[in-house]
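Go by the hints and put chain B onto chain A.
Here the protein sequences come in this chain order: A and B. Heads up: the first sequence at position 50 corresponds to 50 in this note's numbering, and the numbers run straight through without jumps. So the number in this note's numbering is just where the residue sits in the second sequence, counting from 1, plus 244.
These are computed hints drawn from the structure, not numbers from a lab. It should be emphasised that the depicted structure is a prediction, and the values quoted were computed from it without experimental measurement. Careful, some of the hints might be misleading.
[Said to hold, decoys possible] Short, incomplete list of chain B residues facing chain A, as computed with Cβ under 7 Å:
1) P273
2) Q274
3) F279
4) S282
5) Q283
6) F285
7) W286
8) L287
9) T290
10) F295
11) I297
12) Y338
13) L341
[As the list claims (entries may be wrong)] FRET-style restraints, in silico, Cβ to Cβ:
14) B:K314 - A:P16: 44 to 54 Å
15) A:I43 - B:Q316: 22 to 32 Å
16) A:P147 - B:K326: 51 to 61 Å
17) A:V159 - B:K314: 44 to 54 Å
18) B:L310 - A:V153: 45 to 55 Å
[As the list claims (entries may be wrong)] Just a sample of chain B residues kept apart from chain A, beta carbon distances all over 10 Å, derived:
19) K370
20) I397
21) E416
Beta carbons: idealized from backbone N, C-alpha and C, even for Gly.
Listed here are the chains, written in short residue letters.
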Amino acid sequence: MATNPMHQFNVYRIGPEIKIDQIDISFTNASLFMVISSLFILIIFNLGSVKKNIIPNKIQLLAELSYSFISKMISDTAGSKGKPYFGFIFSLFMFVLFCNMLGMLPYAFTVTSHIIVTFVLAAFIFIGVTVIGFLKHGLGYLKLFVPSGVPIVLLPLIVIIEVISYLSRPISLSVRLFANMMAGHTMMKVFGGFVISLGLVGGWLPLGFSVALTGLEILVAFLQAYVFAILTCIYLNDALNLHH
Amino acid sequence: MHKKLVLYLFLSIIAFFSNAYGAESEGMPQLNPEFWVSQIFWLILTFGFLFVILSKFILPKISNNLELRKSQILENIETAEKQKIESENKIKEYETLINNSKNEARNYFNEARKKIIQDIDKKREKIEEEINLEIQNAEKEIVELKKSSPEKINKIATETSAQLIKQLIGEEINNSSISAIVEDLSKKNKGKYYGN
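The following block holds chain A by itself, in its conformation from the complex:
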């Protein structure tokens, strides 16, 4: 049956099998949607930056609003030191947002509903932030695990908790996005299946649910991209401005 709600997350090969040293890097539907998302972003923002109107047209306004939105987000969380990382945060937010949003189209594949994708992004952020922290503060970065004003008796416990919470960052970051996307899409599929199985008589209720869920999922798609980006900013802030 095609009503298996997990079926939509299947990855399959498109075109020939590509292998380098026994490692399969074939072009799949996931790759296709990554490419589509990237091209979409590039086309929109290229169109939004070509003309230099003093009074912007719609697409230029969109690009400029997104720019100032992300720019404000970074300066609010990481301060002025976060400015060099603007390009990365911007790309990250837009990539996640467009992958989430394109996943909302019927029959589309949601790239971010795969743990491996979100984990790679989160792990990259984690490693990058850690490297930046050690480059900026040297071994002083380890002070992050020793909050000031804690009684000495409690210090070992606090340090252990801090280390665990720091190490769990990539996991929480990746699982949050992946689980949100997968749960939402699964639920939509389930309710869609109910519409068919309950038919004309009882199908209206799940249909209404489906409609409501679609709205909720669009909200979640934006919110999770925002959360992903802002958490990256907060981690970056920890590395750039050592507060503890």
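Frame of chain A; chain B shown alone:
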């Protein structure tokens, strides 16, 4: 809270469908490592490409546009303020000019009035003098006439009475008697004719 709820829902759905479609379900495709490497490879490729193009070419242009607009707006505001100050100065200048010219006009008017009044006064004085002179002359003449008139009247009266008598009676009466009567009469009536 939200996370917990989502996780709970997720787990219950998984449980429900792994029971319902237990036979054909392959579990979560996400946990199938078959295409993990491919996904990582394409993620790095596409995201790297996106990042490079965005941060090298597109974002600088957008930031440039924003800066350009900001600076242009600031410039416009500056010029607007400058022009405002300029116009205020111009208005002040204009007002002082108007005031000055008003004062000048008033001065001119006053001067002209003074001059005219003086002129009129002079002319009036002159005319008054002339009139006074005339009046004096006239008075003199009148006085003279007053003085000489009784004699003349008497003379005329004498002559006319002589003529009348001659016409009436046809006889000539000597003048001295007539004049004596006339003088007598005129003396009697003097108050009547020349009463002042």
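Results of checking the hints against the structure:
Below 7 Å, beta-carbon pairs count as interface contacts, and P273 of chain B has one with chain A at about 4 Å; its hint therefore holds. For Q274 of chain B, the interface hint holds, since its Cβ comes within 7 Å of a Cβ in chain A; the closest pair sits about 5 Å apart. Because the smallest distance between the Cβ of F279 of chain B and any Cβ of chain A comes to about 4 Å, under 7 Å, the interface hint for this residue holds. Here the hint on S282 of chain B is kept, as its CB sits about 5 Å from the closest CB of chain A, short of 7 Å.
Using the Cβ-Cβ criterion of 7 Å, the hint placing Q283 of chain B at the interface with chain A is satisfied: the shortest such distance is roughly 5 Å. At a threshold of 7 Å, the smallest CB-CB gap from F285 of chain B to chain A is about 4 Å, leaving the interface hint in force. Interface restraint check: W286 of chain B against chain A, minimum CB-CB distance 4 Å, threshold 7 Å, status holds. Hint status for L287 of chain B relative to chain A: holds, with the closest Cβ pair at about 6 Å, below 7 Å.
Because the closest C-beta pair between T290 of chain B and chain A is about 4 Å apart, less than 7 Å, the hint holds. Interface restraint check for F295 of chain B: the shortest CB-CB distance to chain A comes to about 4 Å, inside 7 Å, so the restraint holds. With a least beta-carbon distance of about 6 Å to chain A, the hint placing I297 of chain B at the interface is held under the 7 Å criterion. With its C-beta approaching chain A no nearer than about 34 Å, Y338 of chain B sits outside the 7 Å limit, and its interface hint is violated.
The interface hint given for L341 of chain B is broken, as the beta carbon of that residue sits about 39 Å from the closest beta carbon of chain A, more than 7 Å. A hinted range of 44 to 54 Å holds for the C-beta pair K314 of chain B and P16 of chain A, which are about 51 Å apart. Between I43 of chain A and Q316 of chain B the beta carbon distance is about 27 Å. The supplied range of 22 to 32 Å therefore holds. About 54 Å separates the C-beta atoms of P147 of chain A and K326 of chain B, a value consistent with the hinted range of 51 to 61 Å.
At roughly 46 Å, the beta carbons of V159 of chain A and K314 of chain B sit within the given window of 44 to 54 Å. For the pair L310 of chain B and V153 of chain A, the supplied restraint of 45 to 55 Å holds, since their beta-carbon distance comes to about 53 Å. Distance to chain A confirms K370 of chain B as a non-interface residue, since its nearest Cβ pair spans about 81 Å, more than 10 Å. Here I397 of chain B stays apart from chain A, with its beta-carbon at least about 115 Å from theirs, past the 10 Å limit.
The Cβ of E416 of chain B sits about 134 Å from the closest Cβ of chain A, beyond the 10 Å cut-off, so the non-interface label holds.
Against the hints set out earlier in the document, violations occur for numbers 12 and 13.
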